[in-house]
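**Student:** Here's the letter readout for the chains.
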Amino acid sequence: MSTVAGVLSRLESKRLTTIARTAVSELRSNRLTLVGALIVAVLGFVAIVGPLIVPYEPAAQDLSNRLQGPSLAHPLGTDQLGRDVATRLVYGARVSLGIAILVTALRVLIGTTVGMVAGYAGGWVDELFMRLVDVQLAFPGLVLALVVAGILGPSLRNVMIALAVVGWTTYARVVRGSVLTIKERKYVDVARLVGTPRLRLFRRHLLPGVVNPVIVIATLNLGTVVLATAGLSFIGLGAQPPTPEWGTMLAGGRQYVRSAWWIVNAPGVAIMLTVLGFNLLGDGLRDALDPKQQARVEEV
Amino acid sequence: MVSRDTPLLSVENLETHFDTAVEPVRAVDGASFTVDPGEVVGLVGESGSGKSVTARSIVGLESPGEIVGGSIRFDGTDLTDVDDRIRRQHRGDRIGMVFQDPTATLNPVFDVGEQIAEALRIHDVDRQRLTDFMHVPFVSDRQAWRDHRERAIELMEQVDIADPGSRAGDYPHEFSGGMAQRAMLAIALAGDPDLLIADEPTTALDTTTQATILERLDSLAATGETAVLLVTHDLGIVAERCDRVVVLYGGQVMESGPTEQVLTAPEHPYTRDLLECLIDDAEPQTRLSTIEGTVPDRFDEIGCPFASRCDYATAACRTSDPPIVDPGPDHRVVCGELETVPDAHVMDGANRSTRSEPTDGHAGSDRPPGNERERRVASASRTGDGTAAILAARNLSKRFETTDSWVDRLRGNRRYLDAVEDVSVSVERGQTLGIVGESGSGKSTVVDMLVGLEAPTSGRVELDGNPVGTVADRSAEQLAKVGVVFQHTRGSINPRATVRDVIAEPLFESGWDADRRTDRVDELLELVDLSPTHADRRRHQLSGGQLQRVAIARALALEPAVVVLDEPVSALDVSNRAKILNLLLDLQEQLGLTYVVVSHDLSVVGHVADEVLVMYAGQVMERGPTETLFDRPSHPYTNALLDAIPSVSGDTPAASLPGSVPSAVDPPSGCRFHMRCPLAEPECRSETPSMEAVDDARSRCHFASEIAADSDDDSEPLEHISPDTFS
Amino acid sequence: MISAEYLAYRIGTSTAVLACVSVLTFGMMYLTPGDPARAVLYHQTGQQPSAEAVAAFRAEHGFDDPFPIRYWHWITDVVQRDLGESYRTGRPVSTMIVDALPATIELAIAAMAVALVIAIPTGVASAVYRGTWIDQASQLFALVGVSMPNFWLGYLLIIVFALHLGLAPVSGTGGLSHLVLPAIALGTGMAAIVTRLVRTSMLDVLDAEYVDAARAKGTAERIVVYKHALRNALIPVVTVVGLQFGFVLNGAVVIEIVFQRPGLGMMLVDAIFARDFPVVQGVVLIVAVLFVVTNLLVDLSYRVLDPRVQFGGEHA
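Chains as they are written, first to last, in our numbering: chain A, 1 to 300; chain B, 1001 to 1727; chain C, 2001 to 2316.
So here's chain A without its partners, still in its complex pose (with noise of 0.2 Å):
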């Protein structure tokens, strides 16, 4: 008789399934997000305060103790120069961390704009930021990436802006679309029935819905962002010797992953632990902030 009461009743256990459901997932998906928080926060914690209490200087060469191995005086053993490596590493969290953030908050600020203005606007503005969306992610992002670092010449500045660059097309995407659909919204019209003026409508619906997917992403990416600057200094293009950043150490390391492996292993740990601590928190931010996620428990 009533379709939607027959929807809710249909779902009737459908609700009780997400009850439990998210109930499950959010208990095992906090102690994962727990410990990406931690390992994010041990890594700021290193980035900041490391370099003031490791007793060696990043670039400081010592000839006669070269390639050695872990022990207690050189807890991740000596690389090629004879520079130790685990000092090294910790300055290396401060230009990764350093680069991702920065990358990050330019993606963000420009992604963020171009989808708002493009989706808001809608008409041939939209159009045309959207082409231009298109013409971008017609290049593979790394590949981009390089040739405009390349091409500017290799130096950590000329990294951040080719990525930075690259990767804000994600961001236009989904901001645009979070605006197309919350303006369709019946709470959209409602406030258009009641006078609100635009720049308030703008601020009041369309902002908040935008922020989280935003957050969640930028998380995620923080971790992406990391990969690619070890990639491209890994590459040369990033980060030159003796700069102590974890791509150019890898790099560095290549001749002698035979007699040395841990000066391959030790930045590439660091690497990984690194974005397994972001994708780790991003992922609980999703399940916590997922409009989608949102939605399940709220429609039922």
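Please keep in mind that the hints were generated in silico from the structure rather than gathered at the bench. Among these hints, one or two may not hold up.
In silico SDA-like pairs for lysine to any residue, Cα to Cα no more than 25 Å straight-line [claimed, not checked]:
{"no.": "1", "chain 1": "B", "residue 1": "K1481", "chain 2": "A", "residue 2": "P51"}
{"no.": "2", "chain 1": "A", "residue 1": "K183", "chain 2": "B", "residue 2": "Q1541"}
{"no.": "3", "chain 1": "A", "residue 1": "K183", "chain 2": "C", "residue 2": "V2309"}
{"no.": "4", "chain 1": "A", "residue 1": "K183", "chain 2": "B", "residue 2": "R1496"}
{"no.": "5", "chain 1": "A", "residue 1": "K183", "chain 2": "B", "residue 2": "S1660"}
{"no.": "6", "chain 1": "B", "residue 1": "K1481", "chain 2": "A", "residue 2": "R200"}
{"no.": "7", "chain 1": "A", "residue 1": "K183", "chain 2": "B", "residue 2": "A1455"}
{"no.": "8", "chain 1": "A", "residue 1": "K183", "chain 2": "B", "residue 2": "T1470"}
{"no.": "9", "chain 1": "A", "residue 1": "K183", "chain 2": "B", "residue 2": "L1453"}
{"no.": "10", "chain 1": "A", "residue 1": "K183", "chain 2": "B", "residue 2": "P1007"}
{"no.": "11", "chain 1": "A", "residue 1": "K183", "chain 2": "B", "residue 2": "A1313"}
{"no.": "12", "chain 1": "A", "residue 1": "K183", "chain 2": "B", "residue 2": "A1497"}
{"no.": "13", "chain 1": "A", "residue 1": "K183", "chain 2": "B", "residue 2": "S1439"}
{"no.": "14", "chain 1": "A", "residue 1": "K183", "chain 2": "B", "residue 2": "S1475"}
{"no.": "15", "chain 1": "A", "residue 1": "K183", "chain 2": "B", "residue 2": "D1631"}
{"no.": "16", "chain 1": "B", "residue 1": "K1481", "chain 2": "B", "residue 2": "S1510"}
Not close to chain B: a few residues of chain C, all C-beta gaps over 12 Å, as computed [to be verified]:
{"no.": "17", "residue": "G2027"}
{"no.": "18", "residue": "M2029"}
{"no.": "19", "residue": "D2035"}
{"no.": "20", "residue": "A2039"}
{"no.": "21", "residue": "A2051"}
{"no.": "22", "residue": "I2097"}
{"no.": "23", "residue": "L2116"}
{"no.": "24", "residue": "H2164"}
{"no.": "25", "residue": "S2171"}
{"no.": "26", "residue": "V2224"}
Note that the Cβ used here is the ideal one computed from N, Cα and C, for glycine as well.
Add chains B and C to chain A, keeping to what the hints say.
**Tutor:** Just chains B and C now, with coordinates in the frame of chain A:
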């Protein structure tokens, strides 16, 4: 009736629980009932009563829930006590199932023919091998494949799918809801089951298609070979189709017995309350009976689950499980206070009393009894195009462009959808206009234009006699004059805002300061019977009924003269529906409001409206005073709509209409309704009828006056709305 | 199944995108700080070039013409399959690409195969056995796989399988044995991403009413999963796998360096360091074309996989 000695299905003390982080939800909590061979049994209850989970438990689809107790004996086998393979063999082979939303139950990526053929294939093979089901070239048996396809097409024919040969190749999204449900039925019948479980099979369908599906189920049972367990929330359907009824609440059976007995002489307070909430026989525009409180999320482990809402509950009801009483043969009631419950009055509809609601204390409860509409109608002059109209639409049309390909656009090959064509309506101060139509009738587009969210392609909207444009063009004063309550209330409330913010939004935009806003919101909350504690909640913390109240409060914030309500009660259970309708009537009297109520449910509109507009495929079919439309409809479509309402008190079962609403992209020539009209003559196909006056109504039919005269002969009272003249 | 009209529309937009891409690709050399000609000569000789040498180079390569004219010369040549000559070696860029492309494509396809072979069964098992140790193990794999830098994974594989176990050659190109380790190094990350996707997609689908309806027919669970559920779950997966092709190309650059496999990636990196602009432009353009064509194919296959998508054409 078939022998009752050996029930086909016997559910005993069934308990299905869902694990949650806090404590298990006992969705089914000791339900017991039986189904005999060839019998139609109705399983009724509000949402949350556990009726769906019960039905799913029988076929083993209770996951992620778990059957933790009781037994399900089917033809001697306890299905809770056998391994998955045996349980699976019962599915389809012995027990068929039809689900609620037919468009969601067909797999979107396989054509309909294959999905029916698959059901046949399952019964033909001993071991189901993936290759037999995936149609792998050279591996699969092509002959068997072809045979099953042919038999699938035969089955489609049996369930009245026209042109089954070519429809078999269509995908589910190309099927209308009614057709998809027939396909589901074909799947369920593929294995010649002894029991068919239908879980709200018509809830997602339009009322006019509902009856065809139900008739189909009826005829199945009539052969005596298939029993039907019909899960529904609609007591009207139960009354018309079921031999026996099982009333469920809180996962337990409250009452069960022969339909006739249970519905006319209900013993259990819950069954009575449910029946009394129905609009069916209530005086129009009077308060309906309601059930106190709402269905809780969880029930106490001990005691009667209904105790918290029951008028007769005693301490014993809450602390010990109620006894089972047998008031008559095969009639069981689970209640410990039957002696204190007054004797069941015989409910023959006509002299059913409307119980006043002491707990719902409200300004309107001292409203004098009697037909409110008559009183109001007497005081208001009514003309279709009344000059005193507060809100009016003149010849509104809305055309949407649906050209989706840019190539077509370039070629000038444009396609349009005429959602609304030449609709004129008006409503006078203090009156209620009802707009009725099935999905696709254009009623929501009319609402959008009335309130200014869409600009009409032609025609105009008038407010207080002055033409008004869209929202952007209306003055603050004009905006304040019209309040709107949208369909799907949930979506109209920002999930991030508190109830207070939601209700205050119109006030904020009109420049009220914070203190005044707070006062007004408190006032409004009281007006719609929400407690001040609700003010800080958010959308997901509110029940359907509460959300509806919030939306109403927001619509009333700026003291509008007119409130437009789009499907105000369609998402609600009977008792909540009654409560919201009561509230709306009270508010109207208290504040002198004018309503425009849009609904697909003719009984709702019949209850509240003074005048009704019946829409079909974008056009007005008939328009007139409510009694006139109900008593002597002058359009076959109105008639069909009236016939399609299942009713507890009706003598004849609801009748169906063949076919479905035509596509507005390519509307039929002549009368829009001619393809489904039982009275269509050749001229209906070629000539478009115009609106014609028949007494105080106007109708778009070539034979309007004959039809009106014909229905007048029946001279049935308003309450009995099943003249069934034309089918 | 796909209308000619829609095909024309998609090819039209893809061509427009590629036109813009070509302008950007050609314009990239202007990003070089200072005079590109001077930079090229400096990188070739390793010392500051004389003014005459610069002038001669500019004249020879048309550096003095305005951008639109230079672009016009370049693009008309490109259309005739002439991508110019390498500044360094003088070899035609198109020949160089034709030589390097097969190795990269081989790597990309092998990596995709590795990824899908791992991801689809893992993702399905993870969803079907939700919450069990199987699910947890596969999710752990997915998390670690996504987080692991592929170049480091490459070295790990070299250390374990090539150096210690001697099961595969360390570097270079050749038969299948040369392909295994790079394909695993490159495919693991993608496998992780696709595993997660298959899992979520499957979970969504397994929740759908039509899956229960299939069970209600009496369908065996195996058929419910592999016929009814997986077929639907793969629809979003196909899109992402197509987009992952870009990911593979990204990764190929790094993996080729790790395993010293001559291919498009290595060629590109060498050319960038040498400021060998014709080679850089040629490679970037080819990669973009490959990428756009893949996306087009994915889009079209999506329309075949999902009957609900209208074939008439849709406007973005």
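**Student:** Hints broken by the structure, by number, lowest first?
**Tutor:** Numbers 1, 5, 10, 11, 15 and 26 - these are the hints that the structure violates, sorted from lowest upward.
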